[in-house]
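Chemist: Just so you know, the protein sequences line up as chains A and B, in that order. Position in the first sequence (first residue = 1) + 933 = my numbering. Position in the second sequence (first residue = 1) + 1 = my numbering.
Watch out, some of these pointers could steer you wrong.
Said to hold, decoys possible - So, partial list: chain B residues that the calculated Cβ filter (under 8 Å) puts toward chain A: (1) ALA83; (2) ARG84; (3) HIS86; (4) LEU209; (5) HIS212; (6) SER257; (7) TRP260.
Keep in mind the hints are simulated off the structure, nothing from the lab. Ideal placement from N, C-alpha and C gives every residue a C-beta, glycine not left out.
Now for the letters of each chain:
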Amino acid sequence: MERAVVPWDGPEPLSGPIGVPLVDLLDRVLATGVVISGDLVIAIADVPLVRLSLHALLSSVSERVPAPWADGGPL
Amino acid sequence: MTEDIPAPAEAGTEAVYVYAVCRAEEPPDLTGPAGLSCESPLRPLAVGPALTAVVQTVRAADFTDEAWQARLADEPELERYARAHHEVVCAVAARLPTVPLPLATLYHDEQRARAALSRESRRFHAALERTANHSEWGVKVYVTDAPAGQAAGAAPQPPAAGAGAGRAYLDRKRSLRDRRERQRSDALRIADAVDADVSALATASRRLPPHGGRAPEERRTQVLNATYLVAGERAAELARLARNLRERTGAQVELSGPWVPYSFVGEV
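With these hints in hand, go ahead and build the complete structure from the sequences.
Modeler: In structure tokens form, the structure reads like this:
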């Protein structure tokens, strides 16, 4: 999964751990295993501005896990 | 804490973004990361006995449903947000025992944030206890895809004399299917073996959805995407195990970490 990290274009240089692959980071910061795969197939249907529970985050996102096999067969 | 809450110029134009909750008797040092907004600094918000949230005032308009829809479709922008969030979480966790919150945990204002987070204080303490002296480590396993040309070589049965092209075609199809079946069961076996061995060393484990083939030219398939809560003193053992598993299975076993234990704070 070596791929170029998109450079930070914010006003401040990013001093954080930029080497972490984005997919691995999203697996964690999105808490529900959202995976970005080329075209984004994920649609967040309902992201309320105010989240009152730790569990609420993007819980509607990854109901369906894409099969890792190109032909879509079950692993 | 009774600091003055700046009166918003217009109700609803600002929101309070929460990065993490840490165990701190005193307001923690938050110098360093800028967070998601260059307009206001990170600040501590006391949310319970010995618990302090790390928060920032952001523009509410940047965190609406529409804004998130657009952001999820804009990878560089999503990356910017994810990394900025992660940077703050890492900076806090480097100094204090920390429970990271997921990306985009927001409240309308500070009082609401304090009230909501205070209600969870027992869960925060339980999560801190559970993850104390532990880190999260990711383990991904890939198997190399067999080259397509091998399909023909793997079909040693020549078509019976007199059999037509149709029969040969069906044989080829069958052998391809058999080969895929074998690949799949081999991959499953390797994934389970790696998961079992790493789980035995870990305090807790979670399987994450495997990453789909982003780059077909990679010619490899991810068969395991798992993450483990590992005691600090066992990290070296984990690295040795990963090397050992690489040799034993022939698969590519990638280790990432140590992570702030994002994946192990929610299920307490």
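Chemist: Need the list of violated hint numbers for this structure, in ascending order.
Modeler: Checked against the structure, no hint fails, so every one of them is satisfied.
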